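Taken in order, these protein sequences are the chains called W and L.
So the numbering used here is basically just the index in the first sequence, starting at one, shifted up by 352.
So the numbering used here is basically just the index in the second sequence, starting at one, shifted up by 352.
Be a bit skeptical, because a hint or two may be false.
Chain copies aren't distinguished; within one or between two, either way the pair holds.
Subject to a maximum C-alpha distance of 25 Å in a straight line, what follows is the list of computed DSS-like cross-link-like pairs (lysine-lysine) [said to hold, decoys possible]:
#, residue 1, residue 2
1, 571, 358
2, 471, 417
3, 508, 358
4, 554, 525
5, 471, 571
6, 452, 495
7, 463, 506
8, 358, 417
9, 463, 546
10, 452, 525
11, 471, 508
12, 358, 463
13, 554, 358
14, 496, 508
None of these hints come from the bench; they were simulated from the model.
Since this is a predicted model, take the numbers as computed values, not measurements.
For reference, the chains in residue letters:
2 protein chains.
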Amino acid sequence: MTSNTKPTLNTCLSPALLQLYDLSNSIVVIIDVLRATSTIATALYNGAKAIVPVDSVAECIRIGKQIEAITAGERDGQIAEGLGYGNSPFEYPNEFIQGKTLVLTTTNGTKLLHMALDKGAPEIITGSFPNLSAVSDYLLSQKKNVVLACAAWKDKVNIEDTLFAGAVISKIKNEFAINCDSSQIADTLYNCAKPDLYEFMKSHDASHYHRLSNFGLEKDIRFCLEADGSPVLPMYRDGKLIKHP
Amino acid sequence: MTSNTKPTLNTCLSPALLQLYDLSNSIVVIIDVLRATSTIATALYNGAKAIVPVDSVAECIRIGKQIEAITAGERDGQIAEGLGYGNSPFEYPNEFIQGKTLVLTTTNGTKLLHMALDKGAPEIITGSFPNLSAVSDYLLSQKKNVVLACAAWKDKVNIEDTLFAGAVISKIKNEFAINCDSSQIADTLYNCAKPDLYEFMKSHDASHYHRLSNFGLEKDIRFCLEADGSPVLPMYRDGKLIKHP
């Protein structure tokens, strides 16, 4: 297979750059490592029926009542007022989440997912270290163009989402045409960090590491940087994320 | 000096992210390594009186006539119609540029400089590998907040501007408070690449390496990645870049 016939792979490091990428013919991978997409993978792996991502606490409460679902979301490290649960993957073990629907409000990840929909993305999946191989294997199997879309933090590029993009790239790059400096940067960053992602985040004072560790969430961070603990592929269909296939 | 009293350092990887940064109290370093800011440093070092950065070819021609200056700029790797010279630092040796004013039109770098002005940046300098130490030493001497602003390529993050931001960071980071993941990413990238920046650009198929080498400009690329060949500090004052002090 020559590079001309390979599908393309691009990385978008911030939602504020999404308009630069053509999503119309691509699989878009939404990446919000700390912690939205890690929690989504974990809840689905542990048996959740579906996850409904919503923008606001108010909408989370409203939809939660409509469909009699669990509501979850945090603001500033606390469960938001009116919601039942938080953003930690540890809140969603099998014995709790099996067969249930979770309405989840997050800021960066949900916003990006809705932006990708608005831009006409035909297929959206979510990625995080807990489902790294599931995402990578799926992308390899589909042979379609890919956009790795980092949720970042209030539009600022962050280390952890860039690292995850790099982890995917390092697994699949031989099968894609990559004419994208952001992908090369992510791949290089991941190769530097991979001996110990947690230590890399800590020693580079990643802003999100700082934020979450101030809330006592080192355990969450470690889990969210560990590959393949929740091997499942979350796919967006009809307003919700469900396990594929 | 504790970290609380150190000035801050932030890196903006694309003009499309500039609105996320507070420029009002910062020195802004405009970075457009291939080739605008490298050529600016080189022309000033070789004796140019001033460089007037303008957005368009039409404005370049108009101002060039007004002030009887040399006009320069390229579009798609060719000297733009109506202008006298191109974007290569090799076009501006001392025997040609000494005492003259150069009106230079570039796309990414000029746009970013004007954005920074619009956002109220009180002080703007330009940075590139040929004047790496001059920029770094100046930033160290001023003890003010710094924003390293990458011109990128049509708003897409690029490797070479990120590398230069990383090179500055690696020189000055101990004297600044860095709560900025983009800066950490740039620093890490530079540390990976620094044994051979040219080889890094080539082996990672940097999009701009690709573009310029297709025009036969490997010599330009090598020059623009070499540190301290044009040790000068270009500072923006009253519509033009002049040598400081």
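Right, here's what the structure says about each hint:
no.: 1; hint: 571 with 358; verdict: neither (39 Å within a copy, 31 Å between copies)
no.: 2; hint: 471 with 417; verdict: neither (29 Å within a copy, 45 Å between copies)
no.: 3; hint: 508 with 358; verdict: between (31 Å within a copy, 22 Å between copies)
no.: 4; hint: 554 with 525; verdict: between (27 Å within a copy, 17 Å between copies)
no.: 5; hint: 471 with 571; verdict: neither (36 Å within a copy, 41 Å between copies)
no.: 6; hint: 452 with 495; verdict: neither (33 Å within a copy, 55 Å between copies)
no.: 7; hint: 463 with 506; verdict: both (10 Å within a copy, 24 Å between copies)
no.: 8; hint: 358 with 417; verdict: neither (46 Å within a copy, 50 Å between copies)
no.: 9; hint: 463 with 546; verdict: neither (28 Å within a copy, 37 Å between copies)
no.: 10; hint: 452 with 525; verdict: neither (36 Å within a copy, 49 Å between copies)
no.: 11; hint: 471 with 508; verdict: both (20 Å within a copy, 18 Å between copies)
no.: 12; hint: 358 with 463; verdict: neither (30 Å within a copy, 34 Å between copies)
no.: 13; hint: 554 with 358; verdict: between (37 Å within a copy, 20 Å between copies)
no.: 14; hint: 496 with 508; verdict: between (28 Å within a copy, 22 Å between copies)
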